[in-house]
Every structure is written in structure tokens, then in C-alpha cells.
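Protein chains in written order, with the numbering used here: chain A, 1 to 399; chain B, 1 to 399.
Derived by calculation from the structure, the hints in this document are not laboratory data. Accuracy of the hints is not assured; some may be wrong.
You can't tell identical chains apart in this list, so a pair holds if it fits in one copy or across any two.
[Stated by the list, open to error] Computed cross-link-like contacts, BS3-like style, restricted to lysine-lysine with a CA-CA straight-line distance of at most 30 Å:
{"#": "1", "residue 1": "K384", "residue 2": "K329"}
{"#": "2", "residue 1": "K328", "residue 2": "K384"}
{"#": "3", "residue 1": "K328", "residue 2": "K311"}
{"#": "4", "residue 1": "K27", "residue 2": "K17"}
{"#": "5", "residue 1": "K17", "residue 2": "K384"}
The residues making up each chain are set out below.
There are 2 protein chains.
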Amino acid sequence: MSHYRTFTADDAVAWAKQHGGLANPEKLTHAEEVGDGNLNLVFKVFDNEGISRIIVKQALPYVRCVGESWPLTLDRARLEAETLIAHYQHCPQHTVNILHFDQPLAVMVMEDLSSYRIWRGELIRGEYYPQAASQLGEYLAQVLFHTSDFYLHPHQKKAEVARFINPEMCEITEDLFFNDPYCQHERNNYPAALESDVAALREDNDLKLAVSALKHRFFSHAEALLHGDIHSGSIFVAEGRLKAIDAEFGFFGPAGFDPGTAIGNLLLNYCGLPGLLPLREAADAREQRLADISELWHTFTERFQTLAREKTRDQALGCPGYTSQFLKKVWHDAIGYAGTELIRRTVGLSHVADIDTITDDAMRLACQRQALALGKALILIADKIDNVEEFIARVRQYS
Amino acid sequence: MSHYRTFTADDAVAWAKQHGGLANPEKLTHAEEVGDGNLNLVFKVFDNEGISRIIVKQALPYVRCVGESWPLTLDRARLEAETLIAHYQHCPQHTVNILHFDQPLAVMVMEDLSSYRIWRGELIRGEYYPQAASQLGEYLAQVLFHTSDFYLHPHQKKAEVARFINPEMCEITEDLFFNDPYCQHERNNYPAALESDVAALREDNDLKLAVSALKHRFFSHAEALLHGDIHSGSIFVAEGRLKAIDAEFGFFGPAGFDPGTAIGNLLLNYCGLPGLLPLREAADAREQRLADISELWHTFTERFQTLAREKTRDQALGCPGYTSQFLKKVWHDAIGYAGTELIRRTVGLSHVADIDTITDDAMRLACQRQALALGKALILIADKIDNVEEFIARVRQYS
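Let the hints inform the model, and build the full structure from the sequences given.
Listed below in C-alpha cells is the structure:
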């Protein structure tokens, strides 16, 4: 009795009562649709004291911001639920808890995170969460290690790769990250004043070659079960806490893609800060972003190393020194993917508020130019940057 | 009505009559089991004039040479049939033609290749097939290109990756290529006189690190639908003709694995020749093997480049210069995998007749030592060898 239908607020309340696992479900009284994303309905379900207790999320069979003309598979709800459930298993402290999933309805019931805030909004307002970067590094280390060939039995790994095949969502990334910004495409979205900068991307064959290699690795390197879209808008933070949400892009891909996306979004904030905050605050916040990137990467690699030392099951991958060698590959990939994130968020369909909300046109344009220059440089020199200190020096060089 | 049962010769005849697609099936009269492999029954089905007309191959549910104590999935027959059918689609001239496949019985009916001979036997006898190497290069270019991200639509590629998940057969490779020779294992099989050479493998951390990376790429780089076991015993040759058979190890893996296996087996023959042929003939045949490797690689890359130029469908991978860049990765991988083939065929469970049939003990040992030294060198310097001419110079250096 659960063929697909679009949920109303009342459906969400009924569903939360039944599947939310609350001690007093009868106290749930009403729901509010709060989805501001592009792809889903999101209901907050409140109790009789007006406190939000449960989230009910339903995938729509089309891209919400475009309309029914761009259909999109409901199977992404299964992929999101199963990715989050797998990640929760390995890192419950930093993954949203999925309480129930109904496949035909494409509906998830999940823990309410009203005491958290979206990290991107906080970064834009200049609110600093000193533990967020290391907690994100911890999350990435736990979920990427435990879904990699280091840890999974080869039979299980292969079965998981098949289970998380995600053609439609991957195609969005394949197009928006690796094609659109480097050609003329109607989906692209940038101001006319940026035209010569964007034309330069299309004419830079070395850049396009490096992007081709990144796309090919995205296609073919099934290293770990990625979140697949871990930007600062997919991350909830509170004092001393952090939770990842929105994993409908989950699939087995190159391990560097997730840290690269995360670093790319910290850099987008870095680029936007002069237009978001007063001069001195902006300068301080910029230093925080660079420190965040350093903290994120150091925590990620240290935790991954520790996990590899303690829990690697594959005999060959357990060879002394192999984890470091692999993490170098992950690092170079991450720099490249960070670069593609900077470019596609500036030129392509989907932008970030860190830059788009800058009200001064000249300032916004300057920030966009910086994002493009930095993105381009990172893609081109990714393999030459050996550690995070050099990386930060390079970021300063292009600022 | 086709639950699994082990075929008799009479079953094979009946099956060939029904599924062999012959104009006069009633003329088929008897069959002979000729399987000399480790895993399957192979029947030649003859007509009333004593001419072999059809092959009927059945997978056994265990490893034949070990017995029922080592069970092995019958699904490998499906994987073999589907790999060969896919490869035949892209390269009918160099792939055995599968006429019928029955999944519950794990039985394939295929074209008779009695006018061909197994390439390994010919190489051992010093029989030269001047077109074999370039035809093998053509086969590898066609099948690897047409099953890669260059050519397949991303949705189809992902579905194919899932269809060709091959956990049990891959596990054999994962163990025999990348684990056993580098540790003490009861499956290993080498003469006591080789003990110190083999111990040196186990103690060489740089070597083991490089092998770990090759194993990790075998696990995770789903670049193309590999044959998975394309040694000279899986290849039939006749004058001006060549056909690949025995693809039960088929799966999506690193494109360099297939050319690496092929090159490794040409090098095993190279190492064995001084023990197989008289002095001068052996020297000539060695030069032929090196020329074969050059021919194989040049044909492979030239055909792959042409196919990429004419038929690449992915926009990013079609970027000028990207095919060359990718083929460099394939080349370095191929050298490394060739090295692992040399070592595992000398130290591990499964040997090659090119060396094992050498009757003089001292000579056989010398050939084995050369295979080990060459294998080790290739694995360690794979990334430093830029082209096939340098490769051949290195082979001479370790001879």
C-alpha cells in the first residue's frame, strides 16, 4: 500500500508517527515543508509544543527548480538512504540517522537536526565552528576507509559497488563538473563580464586534458563509497558537533572526490569573504578557512592512517608504507576535484551563496575571477603540490 | 529441464546437434573429452567422417586439478560466455564464436577451432606466426576500447560493470598474482634451489609496495571489460589467424592488465627458450619474442588511438591528447602486471610449460631465476620505462 504519491504535510505527520520511533508519537501534530534544495520535499514534523522532532524527506520524480520537464529517478532516494545508513554504521557521530526508508514512496524518516545549522550559512555569516573541519576529516576518514579495499572483503566490496551504481546522479556530476564549464552550454550561468575568463577555460587544452583525467577517474576509480556531494550546504554544524546529510550522489568513486569537494567549498567561501564581511573580519576568516583546510586534511590522513594500521584486512594493501602512497594519490585527486568545484560553481548551473549573495557587483565579479583563477591553477598543478602547507602557499599566491 | 548435471560425451553430442547451428546436425556422431585445463570439461564433437565440428564446454563446480574440495562458482560460465559474446561483438575475427549458452547447465556451445593450435605450444616448439602479435594487439585494442568510458554511454558502462562483477574468479587472481608469491603459502610451488631468490621477494618492501599498488588498481580501476587471463594458452593461432578463448576471468578492471598478461607470457617464453631450442634457434626466437612485444604494443596503441579518434563518445575524454595520456597509464600498468605474471608463474601455484617442460634441471633453474629477476625489475621500474624500445633494452639488460 505504498505506491508513489507526493506527500502532503499531513502525510508527513502520519508517517513520522508510524516510523519515527518516538516514545510519544501521538504528540506529533503538524508539519511544515522547508525544502530549499532542488530535488526533494523536506518536512519538519512538530509536536504539540511546537518543537521540531522528526524530518520526513521525499524525493520528487523531477528536478524541483526546473520542473517536471527534467525527470529524475526516484531510485536516488534508495541510494541516499543506503549511503547514509552505510556511513552511519561507520561514523554515527557525524552522519544523520536514517530511522526508516520506504522505497516505493521514496520517503526517508530521519532524525531532526533543528539544533544544528547549515555550515555554509554560518561560514557566510562569519560564525566560526572550531571543531567542524577536524570532525569533517574524521567523517571522511571513517566512511572512506571502511568502504575501501583496505577494509571490505573483496566479495563484499564488489557487491557494494554493484549496489551503489548510481547512473543518473553521477551523470549530473559528470556533466556539471567536467563538461559544461569547458564548453558553451545553455546550462552555464555567469555574468557577461566574465565572458573572456570563461572563454579562456574553453581554449586551455592543458586544463581540459587535466579535467579529462579527473573525469575518467570519476568514471572508473571505484575506491570507496563516496558521499558524492559533501559541500558546506550538505553539512550541519552545532557547537562541537557536525553531521553530514543529503547523500543522493553516493556511489563508489575516487576517494579524493569527497575531500576535494569539501576543500573546494571552503575555498569558495575564502574567495567570497572579502565581499561578505568587513575588511578585517574577512581577513581573519580567510585565515580560518586556510587553517580549516589544513585541519581537515591532517585529521583525515591521520585517522585514515590509524584505521589502516589497526583494521586493514587486505594482505597486500597492509604492506608498510602503502597507505601513505595511496593517500598521496587521494591528495592529488582532491586538489584537482577542488579546482573543478571552484570553476563549476562559478561558471556552471549551480552556484554557491558564499559568492552569489555578495551585493556589490564589482566585488562579486572580483571574487568570481579569483575562484576561476584559483580553480584553474589547482587543476593544472595538482600533481606538483606535495602537502597541505604547499597547497596553502599556492592559494595565497593566487589571492 | 536443465538443472545442473555433469555432461557425458553423449550429452555433448545431443547438445551440439540441438544448439550447434549446423546444416546437417544428424551427422554428428560422437564426442571426446579433451579438457586439459583446471576448471572445465571440454568436448570435441565429431561428425561421421571423424571431423571435429563443434566444441561443447561445461564448467565444473570445483577446481578440476584439485578436486571437489575446492568448489568454484558455476556463474563463471555465464561470465565467460558473456565476456566472449561482448568481445566477439567488437572483434569477431579474433574472438571464439559462442553459439549457445545454457546457464543452469553452465554449458557453452562454440565454434570448433581444430584448424588452429594453442599459441603456447607453438611458441615452445619454435613455430613462428608472424601475424599473431599484431592480431593480439588488434584484439586488445578493439575489446578494451569498445568497453571503456571512451565509447560506452556512462549508464551502459555502469550497468556493464555490475553485470560483469566476478568475485570468485577475481579472488583467484588477487591471491595468486598479488599475495602468494610474496609470502609463505602452501599453494606456492618452486624448487628448493630457488628458496633464497623467493625469500628475497618476501623481504623486498619496495617490491611489495609496488605489487600492493598493482593489486589496488586491479581491485578498483574499472576501465574496460578485460579478458582477464589472456596468456598464450588462451590464444589459438593458425596461419594468419588468431582467436582468444577461455574468458572466465572477465570483469571490468585496469586496461593494462590484459596487455600485461600477454607481454608477461611472451617474456616467460623468452626466458624459457634457451632450455627449449638449440642455441642458435633459441637466440633467433628470443629476438622474435622481443619483436612480438613491440608489434603487439604498437598495434594496440595505434588501433586504440584510431578508434578513439573516430569513435570516442565522451566529450571530455575526446579532448586532444587525452588518449595518449591514458595509454601511458595503461603502458605503465601493463609493465607492472607483466612483472607479476613472470613471478607468479615461477613461484606460485600455476606454472607455464615454456619453463616447466625444460628437461635439464640446471637450465630450468637458470630460466626460472631469469624470470624472477626480470619480473622484479619490471615491477620496480615500470613507471620509469617510457616506451617499448626502452622496455626491450631493459629486458636485454636482465638477460
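Numbered hints the structure breaks, given as an ascending list: 5
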